[in-house]
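Q: Taking the hints into account, I'd like the entire structure generated from these sequences.
Protein chains in written order, with my numbering: chain A, 1 to 273; chain B, 1 to 279; chain C, 1 to 245.
A few of these clues could be false.
Here are the simulated EDC-like pairs of lysine to aspartate or glutamate, each with C-alpha atoms no more than 16 Å apart in a straight line [unchecked claim]: (1) A:Lys85 <-> A:Glu162; (2) A:Lys24 <-> A:Glu224; (3) A:Lys85 <-> C:Glu155; (4) A:Lys85 <-> A:Asp12; (5) A:Lys137 <-> A:Glu164; (6) C:Lys102 <-> B:Asp232; (7) A:Lys112 <-> C:Glu155; (8) A:Lys24 <-> A:Asp12; (9) A:Lys24 <-> A:Glu218.
On the chain A side, residues computed to face chain C include the following (Cβ under 10 Å) [what the hints assert, rightly or not]: (10) Phe97; (11) Ala109; (12) Tyr141.
Note that these hints are calculated values from the structure, not bench results.
Quick caveat: nothing in here was measured; it's all calculated off a predicted structure.
Ideal Cβ positions, reconstructed from N, Cα and C, are used throughout, including at glycine.
Chain by chain, the residues:
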Amino acid sequence: MPDTDSLVRLSDVHLSFGETPVLKGIDINVRQGEAVSIIGPSGSGKSTILRCITGLLRPQQGGIHVGDVDVQALRRERDLIALRKRVGFVFQQYNLFPHMSVLENLVAAPIKVGGVPRGVARDRARALLARVHMEHKTDAYPGELSGGQQQRVAIARALALEPELILFDEVTSALDPEMVGEVLTVIRDLVDDGMTCVLVTHEMRFAEEVSDTVYFTEAGRIVESGRPDQLFGAPRSERTRAFLQRAAGGAPARRRADPFDALLSFDPLRLAV
Amino acid sequence: MANDTTLKLGRAGQAPGARTRVRGVLRGVWRDPWFIVLLLLAVPALYLRVSGTTPVAVERLWYWWPALMRGLGMNVQISLLAMAMGTLLGLVVGAISLSPLAPLRASTRAYVLVFRNAPILVLVYFTTYVFPFEVPVAHWVLPFPDWIKVVIGLALPASANVAEIFRGAVQSIPAAQWEAAHSLGFARTQIFRTVILPQCLRRMLPPWMNLYASITMSTALASLVGVHDLVDTATVASNTVARTDFTILIYFTLLALFFAYCYPISRLTRYLERRHARH
Amino acid sequence: MTHSLLEGWVAFARPLGLNYAFVLDAGERAAFVHGLWVTLQLCAASIPVSLLFGVLIAAGLTSGRAWLTRPLAAFVELTRNTPTLVQLYCAFLVLNMLISQKLEGGNPITPFMWVVLVVSLHKAVFHAEALRAGIEAVPGVTLEAARSLAFSRVEILWRVQLPLALRFALPALVNNLVDLVKMTAIASAIAVGDVTYESIMIWSQRDNVLELLLLILLYFGLLTWLVSVAGRWLESRLRMPGYGQ
Chain A
1 MPDTDSLVRL
11 SDVHLSFGET
21 PVLKGIDINV
31 RQGEAVSIIG
41 PSGSGKSTIL
51 RCITGLLRPQ
61 QGGIHVGDVD
71 VQALRRERDL
81 IALRKRVGFV
91 FQQYNLFPHM
101 SVLENLVAAP
111 IKVGGVPRGV
121 ARDRARALLA
131 RVHMEHKTDA
141 YPGELSGGQQ
151 QRVAIARALA
161 LEPELILFDE
171 VTSALDPEMV
181 GEVLTVIRDL
191 VDDGMTCVLV
201 THEMRFAEEV
211 SDTVYFTEAG
221 RIVESGRPDQ
231 LFGAPRSERT
241 RAFLQRAAGG
251 APARRRADPF
261 DALLSFDPLR
271 LAV
Chain B
1 MANDTTLKLG
11 RAGQAPGART
21 RVRGVLRGVW
31 RDPWFIVLLL
41 LAVPALYLRV
51 SGTTPVAVER
61 LWYWWPALMR
71 GLGMNVQISL
81 LAMAMGTLLG
91 LVVGAISLSP
101 LAPLRASTRA
111 YVLVFRNAPI
121 LVLVYFTTYV
131 FPFEVPVAHW
141 VLPFPDWIKV
151 VIGLALPASA
161 NVAEIFRGAV
171 QSIPAAQWEA
181 AHSLGFARTQ
191 IFRTVILPQC
201 LRRMLPPWMN
211 LYASITMSTA
221 LASLVGVHDL
231 VDTATVASNT
241 VARTDFTILI
251 YFTLLALFFA
261 YCYPISRLTR
271 YLERRHARH
Chain C
1 MTHSLLEGWV
11 AFARPLGLNY
21 AFVLDAGERA
31 AFVHGLWVTL
41 QLCAASIPVS
51 LLFGVLIAAG
61 LTSGRAWLTR
71 PLAAFVELTR
81 NTPTLVQLYC
91 AFLVLNMLIS
101 QKLEGGNPIT
111 PFMWVVLVVS
121 LHKAVFHAEA
131 LRAGIEAVPG
141 VTLEAARSLA
151 FSRVEILWRV
161 QLPLALRFAL
171 PALVNNLVDL
181 VKMTAIASAI
191 AVGDVTYESI
201 MIWSQRDNVL
211 ELLLLILLYF
221 GLLTWLVSVA
231 GRWLESRLRM
241 PGYGQ
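A: The structure is reproduced here in structure tokens:
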């Protein structure tokens with residue numbers, strides 16, 4: 001039964017680079033206003049999934065829908081451009097255009113692609129920069145900013161086209177630890193404001209705190225998915241457990257499966273679903 | 001729209017053995033488009049020779065071929081000597097340019113500046129016309145042939161470039177290696193000999209080979225000062241035979257001969273650059 | 001006034017063993033000055049033409065279309081591995097002659113134009129290599145970021161790829177232009193009246209080779225210095241703060 005407020009839907013997506021299969025049957029469903037995290041070991045295809053959603057990569061098989069647009073059916077550049085105005089994307093590094101200032105980075109797309117007049121674009125850009133606490137750096141160049149500052153500007157830039165959802169591809173993985181927090185704060189604010197977000201991340205605690213659904217991928221397949229307290233607290237699959245153990249640095253999984261947990265997490269309202 | 005990204009699969013294991021490498025190079029040569037072109041040119045040429053039905057222009061070309069080869073030999077000779085002299089001189093200048101004494105460094109910088117900003121043609125004219133045509137040494141009078149003057153004329157800019165290549169290679173070694181060697185108790189000259197120079201030589205090889213190719217091409221300028229090189233021989237032949245089709249043929253043969261000599265050097269250089277980059 | 005300056009110079013140089021008497025002869029002086037002017041014109045014409053061809057060849061090489069890249073790559077290899085002098089002879093002695101024969105005496109292409117064409121094309125190949133390296137140095141993720149911002153391919157090329165490639169390639173391009181200035185000296189080989197050719201004419205009469213070569217070296221030194229200065233100014237104008245130096 002089609003989910004009417006589903007914003008992103010991947011059905012049985014298979015993708016190979018040449019001879020090498022990378023995605024082997026991915027099913028993902030993201031509802032409007034939801035925050036979804038995708039976790040998993042390196043090389044499991046997480047970043048590839050994000051790139052498929054926005055049409056940067058094309059799977060050989062499977063369906064991808066953003067709203068009611070079938071991404072696989074898009075052939076003309078014009079249609080892909082229309083799609084990308086609705087889907088924001090923030091990368092791990094080298095996001096920003098180094099030859100433009102922060103303000104110029106933010107207004108470039110709205111003016112060129114969105115047809116917004118320059119004055120309006122600049123005002124909106126300044127407001128967005130204030131939202132990510134970077135309003136004091138409008139004339140700085142990316143090379144003069146720290147990694148955390150650059151990522152916050154990159155998030156503001158993705159918001160400049162007023163997208164319906166934003167994809168985050170391991171945006172804190174390349175940052176020094178002390179700068180991770182400032183970027184996560186911005187993302188948390190976005191989620192609280194109701195923006196639909198898909199995060200690929202290694203920050204387990206953040207994923208648990210902020211997500212509505214978590215997907216665990218390994219070797220191109222989705223091993224397990226569910227609510228964060230289920231996946232992190234009582235993982236059903238042995239592989240999920242093993243991954244979480246490794247990710248936590250060898251310590252045992254955060255909460256051991258306890259028969260009483262099943263009673264405590266009993267939610268009478270969910271029985272009706 | 002196909003996927004733009006390609007997965008780079010690392011090649012596990014060590015470098016292949018020598019015999020596999022030679023076989024690989026030979027196989028690569030067979031597939032090289034330029035090699036195929038040269039082969040395709042040689043086949044009809046041989047056929048025409050053997051069958052005796054050659055057009056006049058080609059026949060004249062065969063007649064002049066030995067002279068052309070001698071001319072090419074002259075170019076190669078000049079290039080080899082100029083590179084040898086230039087490399088020795090350049091290494092000395094390069095070593096001086098790294099000296100801790102400021103006036104020595106300044107003088108080498110002036111040397112490099114002068115010889116890299118001067119047109120090679122002007123330098124060749126300089127050595128050809130300014131040096132005497134005979135040199136009295138003790139009792140004898142040695143002739144100072146033009147081609148040796150061209151060698152010197154080319155060796156000077158070559159040395160300036162070698163000095164820069166050397167300096168660049170030394171400075172590209174990370175400072176951390178100097179520090180590590182110092183902390184192990186090595187003296188400055190020891191560090192140079194055992195740590196820096198072996199690495200430098202490998203780094204210097206591709207740009208040095210590029211320089212050799214460039215010097216070889218500059219030997220064509222020798223024809224302008226009267227040396228009987230390949231270009232001069234071709235010009236003489238063209239004027240002697242005085243046929244349009246022969247002129248066209250010989251000048252393009254000139255192009256092909258230089259290409260046949262320089263292109264393999266260029267390919268070898270790129271192969272060495274790729275091998276160095278992997279380390 | 002100028003005449004007394006020139007006389008002063010000749011008098012100053014004589015005790016050094018240098019014979020600059022030719023500057024006092026109106027005809028020879030005019031010829032030399034004309035040579036200076038022609039060299040300047042050769043440089044002024046070749047620099048933009050070589051850059052234009054360089055951009056075109058680089059665009060063709062990175063276009064990904066085999067019918068464009070293969071012949072261009074062949075042309076690049078041929079030009080890089082043969083001497084400029086030989087290329088000039090092939091162009092002038094062969095192509096020019098054929099064109100003259102075809103047009104029966106109305107050949108519009110002057111030797112000056114042939115020199116500009118050959119030298120520009122030769123250097124354009126090196127420009128194209130530098131630009132191609134610059135284009136490939138643009139991080140793939142930056143281009144992906146531009147695509148994800150809904151820029152079209154043309155916009156990405158024009159607003160992101162080319163500006164960054166130019167900044168990366170600028171030092172190599174300036175070096176190439178310095179080489180190009182030096183290369184214009186081969187114009188003398190086909191009797192185009194540049195400073196080298198005029199000097200040869202003068203020294204074959206007066207035998208003051210050293211003196212003229214010193215002047216030529218100074219002149220080329222001046223021209224290459226001007227090109228380097230312009231290059232450095234451009235580099236500072238296009239500098240990306242926080243990137244590299």
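Q: Any of the earlier hints contradicted here, and which numbers?
A: Structure breaks hints 4, 5, 6.
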